[in-house]
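Start from the sequences, fold in the hints, and give me the full structure.
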Amino acid sequence: MNKMIKVGMADLNVCVSPDAITTLGLGSCVGIVLYDPGNKIAGLAHIMLPDSTKIINNENKAKFADTGIDVLIKRMIEIGANRNALIAKIAGGAQMFAFSNKSDMMRIGARNVEATKLKLDELRIEIKAEDTGANYGRTIEFYPETGELHIKSVGKERKII
Amino acid sequence: MVSHIDLNRINNMQYDVLREIGNIGAGNATTALSQMINSKIDMKVPNVALLEFKELPEIVGGAEKIVVGILFTLEGQIDGMMMFMMDMTSSRHLVKLLMGEMSTNNLDDFTEMELSALNEIGNIIAGAYLSSISTLTNMTITSSIPYMSIDMAGAILSVPAIEFGKIGDKALLIETQFKDDIKAVNGYFILIPTLESYGAILSSLGL
Chain A
1 MNKMIKVGMA
11 DLNVCVSPDA
21 ITTLGLGSCV
31 GIVLYDPGNK
41 IAGLAHIMLP
51 DSTKIINNEN
61 KAKFADTGID
71 VLIKRMIEIG
81 ANRNALIAKI
91 AGGAQMFAFS
101 NKSDMMRIGA
111 RNVEATKLKL
121 DELRIEIKAE
131 DTGANYGRTI
141 EFYPETGELH
151 IKSVGKERKI
161 I
Chain B
162 MVSHIDLNRI
172 NNMQYDVLRE
182 IGNIGAGNAT
192 TALSQMINSK
202 IDMKVPNVAL
212 LEFKELPEIV
222 GGAEKIVVGI
232 LFTLEGQIDG
242 MMMFMMDMTS
252 SRHLVKLLMG
262 EMSTNNLDDF
272 TEMELSALNE
282 IGNIIAGAYL
292 SSISTLTNMT
302 ITSSIPYMSI
312 DMAGAILSVP
322 AIEFGKIGDK
332 ALLIETQFKD
342 DIKAVNGYFI
352 LIPTLESYGA
362 ILSSLGL
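Protein chains in written order, with my numbering: chain A, 1 to 161; chain B, 162 to 368.
Everything labelled a hint here was simulated from the structure, so no lab data went into it. Any given hint could turn out to be false.
Claimed, not checked - Only part of the chain A face toward chain B is listed, based on derived beta-carbon distances under 10 angstroms: (1) 4; (2) 5; (3) 23; (4) 25; (5) 27; (6) 37; (7) 49; (8) 53; (9) 99; (10) 109; (11) 138; (12) 154.
All C-beta atoms in this analysis are idealised placements derived from N, C-alpha and C, irrespective of residue type, glycine included.
Shown next, in the form of structure tokens:
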């Protein structure tokens, strides 16, 4: 039996084909998948906030886009991934509630996506596909065997990117 | 003087007081709900829980469970968020009780009018919850309009979780489950004050 590895909120993990990796009910958080297609190794981080440097209590590295991606890469290299082969697929960053005021707190989904893209760009990791924004939650599953990211949302067809 | 509260060092007395806050707030809210639908609603003993983010969706039945979530942002002397969550069957049941013949039977979709009925239910019971806490603590609480989302519990709870993420790795919440006799209505009130507001609440009650 192939395993489906579960990643919780503010958490990250890695997996090797034929196993797959998933995170459930992404809202304003972003699910970041990094993938080494040659070795069929994947990592998934479920980040909640854009920037660890703006927060005093930042011990949990998996909570932030910037540090989460760094740790994820490290973990993947440890199990044999090739740093230079990595590509990314991202999903999430929704605005779950139609807040009327436009404060930073309300735009958190969009800011998480922006920070994720900025960090990946700095690291020269190409984003091959994304399904971000809008106003609905997403459950994502990544299959390192095929490189497919499956996205399930309430009342919508399963999307594969 | 506002007492400082350390999330990892909450003592038993503080827990008891917060549980009592939940008791009074949810007690008032369930009474309001009972009157509205003219049927008896019971509440469980409130649960004051310090949870890791990944445990958060478990309190309402898992990250992928589809729920109606009505969120209020709170301002004034207590700020933070208040959330009212119900599963789809309960929401449908409530809408039916309120609208009678005018409601549809569609289990996974609501009409505009049904959605505004749900919003109004949220408004009334959150109002009852908050006003009793305001009276108890003698603090003003101003609540936003209701914001509704029908989606996976994990996605909805990510919004308050992120606010807590800014200050720590756990969320402290006061959660109360309510249900009626025939188990047709089952939902949760979740009060999530900011850390400062927890301190302010406890101070106002002399702790």
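Each hint, compared with the structure:
About 13 angstroms separates the beta-carbon of residue 4 of chain A from the nearest beta-carbon of chain B, more than 10 angstroms, and the hint is not met. Annotation: residue 5 of chain A was flagged as interfacial toward chain B, and the flag is violated, the nearest CB pair being 13 angstroms apart, outside 10 angstroms. Hint on residue 23 of chain A holds. Least Cβ distance to chain B is approximately 8 angstroms, under the 10 angstroms limit. The restraint placing residue 25 of chain A at the interface with chain B holds, with a minimum CB-CB distance near 2 angstroms, inside the 10 angstroms limit.
A cut of 10 angstroms between beta carbons decides the hint on residue 27 of chain A: the least distance to chain B is about 3 angstroms, and the hint holds. Hint status for residue 37 of chain A: violated, given a least beta-carbon distance of 29 angstroms to chain B, over 10 angstroms. Interface hint status for residue 49 of chain A: upheld, as the beta-carbon distance to the closest one in chain B is roughly 5 angstroms, under 10 angstroms. For the restraint placing residue 53 of chain A at the interface with chain B, the shortest Cβ-Cβ distance is roughly 13 angstroms, beyond the 10 angstroms limit, so the hint is violated.
Look at residue 99 of chain A: its Cβ gets to within about 6 angstroms of chain B, closer than 10 angstroms, so that hint holds up. Interface restraint check for residue 109 of chain A: the shortest CB-CB distance to chain B comes to about 9 angstroms, inside 10 angstroms, so the restraint holds. Interface restraint check for residue 138 of chain A: the shortest CB-CB distance to chain B comes to about 7 angstroms, inside 10 angstroms, so the restraint holds. A hinted interface residue such as residue 154 of chain A counts as satisfied when its beta carbon comes closer than 10 angstroms to some beta carbon of chain B; here the least separation is about 5 angstroms, so the hint holds.
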